[in-house]
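There are 2 protein chains.
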Amino acid sequence: MALDTLFYPKSVAVFGSAGEGKLANVLVNRLLDGGMDNVSIVNPKGLPVRAAKGYQSLLDVPGDVDMAVIAAPAKTVNGILEDCGKRGVKSAIIISSGFSEAGNKAGEEEIIATAKRHGIRFIGPNCAGMVCTQGNLVATLETAPPKGNIAIISQSGAVGGSFMALSAQFGVGISKFLSYGNGGDLTVLELLRYLKDDGDSKVIALYLESIPTGRKFMETVREVSAVKPVVIVKSGRSSSGQRAALSHTGSMAGADKVCDAALRQCGAIRVETLMDLFEICKAFAMMPAVKGRKLAIITNSGGPGVMTVDKAEEKGLLIPETSEEVKASLREYLPSFAGVRNPIDLTVEATGEQYGKAIEIALTERDCAIVLYIGTPYLKAMPVAEAVVAAARNSGKPVCAVMQVGVDIQESLIYLRDNGIPTYALGENAAAALATMANYEERRTAEGNIPCILDAGELGRAFKGGTNRLLEPEAMKLLGDNGITVPKFVFATNEEEAAKGAAKIGYPVVIKVVSPQIIHKSDCGGVKLNIENDEEAKSAFKHMREIAEGKDFRGVVIYPMLKMGREVIIGLTKDPTFGPLVAFGMGGVYTEVLKDITFRVAPIGKDEAGKMIREIKMYPLLRGVRGEAASDTEALAEMISQFSLLPLLYPDIQEADLNPVFLYERGACAADVRILGK
Amino acid sequence: MALDTLFYPKSVAVFGSAGEGKLANVLVNRLLDGGMDNVSIVNPKGLPVRAAKGYQSLLDVPGDVDMAVIAAPAKTVNGILEDCGKRGVKSAIIISSGFSEAGNKAGEEEIIATAKRHGIRFIGPNCAGMVCTQGNLVATLETAPPKGNIAIISQSGAVGGSFMALSAQFGVGISKFLSYGNGGDLTVLELLRYLKDDGDSKVIALYLESIPTGRKFMETVREVSAVKPVVIVKSGRSSSGQRAALSHTGSMAGADKVCDAALRQCGAIRVETLMDLFEICKAFAMMPAVKGRKLAIITNSGGPGVMTVDKAEEKGLLIPETSEEVKASLREYLPSFAGVRNPIDLTVEATGEQYGKAIEIALTERDCAIVLYIGTPYLKAMPVAEAVVAAARNSGKPVCAVMQVGVDIQESLIYLRDNGIPTYALGENAAAALATMANYEERRTAEGNIPCILDAGELGRAFKGGTNRLLEPEAMKLLGDNGITVPKFVFATNEEEAAKGAAKIGYPVVIKVVSPQIIHKSDCGGVKLNIENDEEAKSAFKHMREIAEGKDFRGVVIYPMLKMGREVIIGLTKDPTFGPLVAFGMGGVYTEVLKDITFRVAPIGKDEAGKMIREIKMYPLLRGVRGEAASDTEALAEMISQFSLLPLLYPDIQEADLNPVFLYERGACAADVRILGK
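Residue numbers (my numbering), protein chains in the order written: chain P, 292 to 969; chain S, 292 to 969.
It does not matter which identical chain is used: a pair holds within one copy or between any two.
DSS-like mimics (lysine-lysine), calculated; alpha carbons at most 25 Å apart, straight line:
1) K812 with K969
2) K301 with K377
3) K366 with K407
4) K671 with K313
5) K768 with K829
6) K377 with K336
7) K812 with K833
8) K886 with K902
Hints listed in this document are in silico derivations from the structure and should not be mistaken for laboratory results. Predicted, not measured: the structure shown is a model, and the values here were computed from it.
Please model the complete structure; the sequences and the hints are all you need to start from.
And the structure:
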């Protein structure tokens, strides 16, 4: 693949001071200790470090050099890249700081141009380096992790380093670590695409403080998620958090609720903490897919079993009771006092063999299992660990284990891990991890549930409004032209037209004033209801003209009296990170007090719109409570989906509201509209 | 204190088989290894274990015996207790199972009676024993923990054992461990009261699967919580969890929402997992009280700082920006590129000295601090650890630390712990622990906020209803008699009375049918609104009599037409664990769809009722949104509090509803009522 020289170089030149404790010195040590044989170091004095010979210039280094690792002062980096170009070096890691993050944008642009000219791909500058365990490449100051199949990309070097420290501590291996720093050349998007096809990476962990290219990021994550899970910590959730992120990276973070919706929408798995990131990645890395929600819990003590059930149900797993048939087959192997329902409680006297049998038999009717072993400080856990490994292999299903207390508990935990069984400190953590895997698998295999995100450029049409707010009849026409149900309406510019229009609509009618200078029509008497005949229609027109006296009066718009329905709101807005968003809520106090509103990056299909409708808290109102008829959520989903296309069709639309939309047993109708342009 | 012989025996006799791996053998080993010098073992053959001499009967053991640890078969336990009585043994730990948990209630009653007769206090039977580290007593099969100041009481031996294993693993000490098993004599209540006054215990951890004596438990926890924190895991939250708890302990668990409210109400700190229990107890055990919400975060890298801020704000801590004055004094010690806002970011080059100064200076204007150190695998963390210890001591304020990555990270973590600084895996965990401590301190020091729970026995009055449902006028009278605002009303049994009554109320009035056999009055035309004069009143009476034809017709009740107000519901119900509960919600779809309803164990004072009102999701509606006037929440709190007294005043009341209560800008009125007796 295109980036292979970045990950699998055969020879590396490090740039920077060879002095003890200096970055380049440490990097050479890391590379040599990591198993890279061909390392040289370049610095003004040509000083060597261990087996790495020293040179004063890259041009002096004999043989091929595949990669440059640059930890030299910022002002020397461009020259180094020029030398790289001369020597045909194809990839670089620029650890040096002092570029755009420190206000030196010109310096960064210069090195980007130089690299481009020479066809050099690089990560950084201002990054913590990278690791490719399968390529024996440890080009970072952070902890060197064991070999494995979790890839991690981190916007923060420290967070990446902590993740690798966890990896080393718990023996759960890493395939690649990437710290992209300022992202001068290789961005998180390109790295993600590479990892998608990387056979050594089974799951991708991502730590982000900002998402600079919202929609492209979504599109990439959507593609990658279809192949392997992308687990993300996006920090800066709270107001102070956002302040801190701002001061740290100089980048703008979008509002967290929008970010959450966007990440969900493109199939990413968002978690909260570094530990969650590690625990969830460990599950994906070590277990086969969780193809269903039915969990078996096999334990030797009640309390931890109960706590595991609590968490598993909270997270959406099912703990089905054992069938009579399976109960009978369990009883063949288990003592009479063992519990065979679910949790299957083998009691404190359980042997390894009984654990093994219980796991295998329980998994004949469930999708995954958690094994809990809470021993005593004088009993051996290893027989149980061995039985878990064998039973998991035989079943072919995902199994994870919790082992607490035992004379050989540490060896047992290591034995499990080395034989592919992930271990967790608590059953609760194991349950959360399995639930996440079940959610991912369900989503990955569901058809067409991750909508394509259209590029505005493909569809852009001229926005028809002359002012920055469309007049009501213009806005209604635009809705109608785009397949959104609106009431019949007539625009009238004099009394005669008003009477004729009202008759055409059919009495009784509503008449509203139309003027770009009158926004809150009701407040100034600009809305007349229940107009019964031509006389009243003409009089209403006069009234409206009087109201608009001295203002830019354009006429009136005439509607039929609408039947009241359940009131909902559909809105459009633009997010600085993700662009056009569509919002849906119940309107009124529900939206205001409960914040019962949900977002998607626009546009979305009808299926996704249906999910929006179902995920608001007050959804049961639409489904019908207390014997009331259900509202037409099909028509509503259609309307949300159509409406969500507008900002793509008319890129000048900045904000829009249908408030209220009347929702009926059959159909839905946008009763009022507001569309704002640039 | 009364139970001191239980915790601090000078000599212990163990009962049971001396064979290798047998319980009594293990227990003797545990006791000897734990530092108990005077241990003997009693079994049929009189076999010894190590330094513990063997005897065939307790009567043969020379000298005083303070405590019996019984691991002999169930059927021998009563005889052993008789011998204990003869020898003046004052306390016992009965580990043997085979009593009420196995259906042998008679056996349990027998040993309870024998113990009582001899004045022997015991824990068990069917328990995992106990530990008193300060008394050198390790009378359990579970892990022996280091000495410290966390007391743990666990309904599950395995959970207690796991807790002690964590204690040993992380070097956070325990004062006492108590597994009370079936609670034949000493219950969790008596143990809690003992621990309240135990100078060695700074915080109490509690693992429960059921709360058998709900109100007494609350009263005890309330008393203990006023002195030291009680941190509780109550499992069996979910439906399957409740099933598992049932099969495990044979005890009935109340609904979790009620349990949650009850635990909060009595000042307990409820946490979810064993790990939370340990982490929160560690914080209380090692740090001084957190007397405010202002948190300082001192870090050397942005990412972990941001994630810590996210969690701290979510948990209700404040991350105030550094004042200009303090910024200036920070800048004296810190490099120019350090961030001085909050988090204070010392950057990767920070020295121990800079950490120390930053902590001390930051704490001059904050209540507590989290120190984050994310090093690299070749840098030393110890200078920072030393500085943290010194700065925390100088400040006298709570400080906890997170240290990740460094050549000497393990020693640094141990150094911190040994010098009283709790360490956490992540800043998020530290933030959650500090927030919990701040909440506890705020609650403990707030006056009168933990209401006294009255005993129904003190107040019980006869319930005035003859049937199991009070007639509406009876119920309204009962409300009125007890200080709850109801509409004026008249009960009329004939046409004349109806007309006279209506006139007395003042037209227009509402007339409702009164019959014990008509429950849904509106459905059968049993409610007439807007009655304008005597004529209509008489006619309404006739109509009601016709409706009730063939039923037990008692008459009609007459009300004025009430002004509509904001509708809320107040209810009473009985919980099997906690007894009478009072509920408050917004009524209608809010209660039905959103489950926007809150509970308290009754009775409660006006302050607590005010908290109920403020904690429902739709509270902003009552406070007034969109420029609407606020409702009279004072009057509402008064009504909830008065209503909550009813089940104590009239113990026959099983359930009651005021639905709706009309809430006005001034005042509140119970517009309809339903009271059910036994």
